[in-house]
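Colleague: Read top to bottom, the protein sequences are chains A and B.
Note that my numbering has the first sequence beginning at 1, numbered continuously upward.
Note that my numbering has the second sequence beginning at 1, numbered continuously upward.
Calculated directly from the structure, the hints in this document are not laboratory data.
In this text, a Cβ means the ideal position worked out from N, Cα and C, and glycines have one as well.
Coverage of chain A stretches by chain B, computed from C-beta distances (three or more under 8 Å per stretch; other residues unrestricted): (1) 93 to 100; (2) 104 to 111.
Calculated cross-link-like contacts (lysine-lysine; reagent style DSBU-like; alpha-carbon spacing at most 30 Å): (3) A:49 / A:61; (4) A:101 / A:61; (5) A:68 / A:49; (6) A:101 / B:79; (7) A:101 / B:80.
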Amino acid sequence: AQSVTQPDIHITVSEGASLELRCNYSYGATPYLFWYVQSPGQGLQLLLKYFSGDTLVQGIKGFEAEFKRSQSSFNLRKPSVHWSDAAEYFCAVGAGGNAGKSTFGDGTTLTVKP
Amino acid sequence: SQTIHQWPATLVQPVGSPLSLECTVEGTSNPNLYWYRQAAGRGLQLLFYSVGIGQISSEVPQNLSASRPQDRQFILSSKKLLLSDSGFYLCAWEEGTGVTDTQYFGPGTRLTVL
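From just these sequences and the hints, can you work out the full model?
Modeller: Structure (C-alpha cells):
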C-alpha cells in the first residue's frame, strides 16, 4: 500500500529565510505527487503537482518541489519565506486514477518569525 | 471554471441531534467527490467518496453517512451526533476520469458538537 511521511510536524523559520519541507513516499509505480497548503480555518489549496517529465516542478506563490526517485522524496522549497506563508502544508501521493486511493501526509505546520 | 461550495461554514450542534452538510460543485461533470474530516491538529481522514450518483464508498465505519442525490451534490449526514464528530469537514472534487488524481477542496465546515 502507498504511504506518505512528512517527518517534520512543525517548522519555524524567519521571514526572508529559505524553506524546505520534507516529504517521503512509498508507491509501487511512478507516483503522482502533490503539495497542498491550508491556511487556518480554510480548505486546502493546490500548490503544485508532479506527474512526469521535469523533476523540478514550479508552483504558485513562489514554491517549487523536486521529485527524487532514488530517495522517494518530493520536498517543497521556497527561497525566501513571507509571513503570509505561515500555514499547514500537506504532501500527497495519487493512486494512478483509482478513486479514493490517494494518500495524504499528516501535514507540517509552518510558523514564520518576523 | 470550476468552483466548489460547502455549507454551512460553521455549525454548533448538541449531542444526539441530526446533521446535514452539503457540498456542491459547479463547472464540471461526473466528478469524483470526497468527504474528509480533520480533527484539531490532525491530518486528513477520508470518510466517504463517490464516483457517481448513488455510488458511495465508506472508508471508516462510524456515525456518519453520505449520499449523492445529484451529479454535483454530495451530502454528509448523521442521525445522532456524538462528541467525537466535532471537527473540520472538507469536501473535495476530482475529475471523474481520475487520471490526474488532483483534488480540489471546498472551504470546509467547522462542526462543534456540545
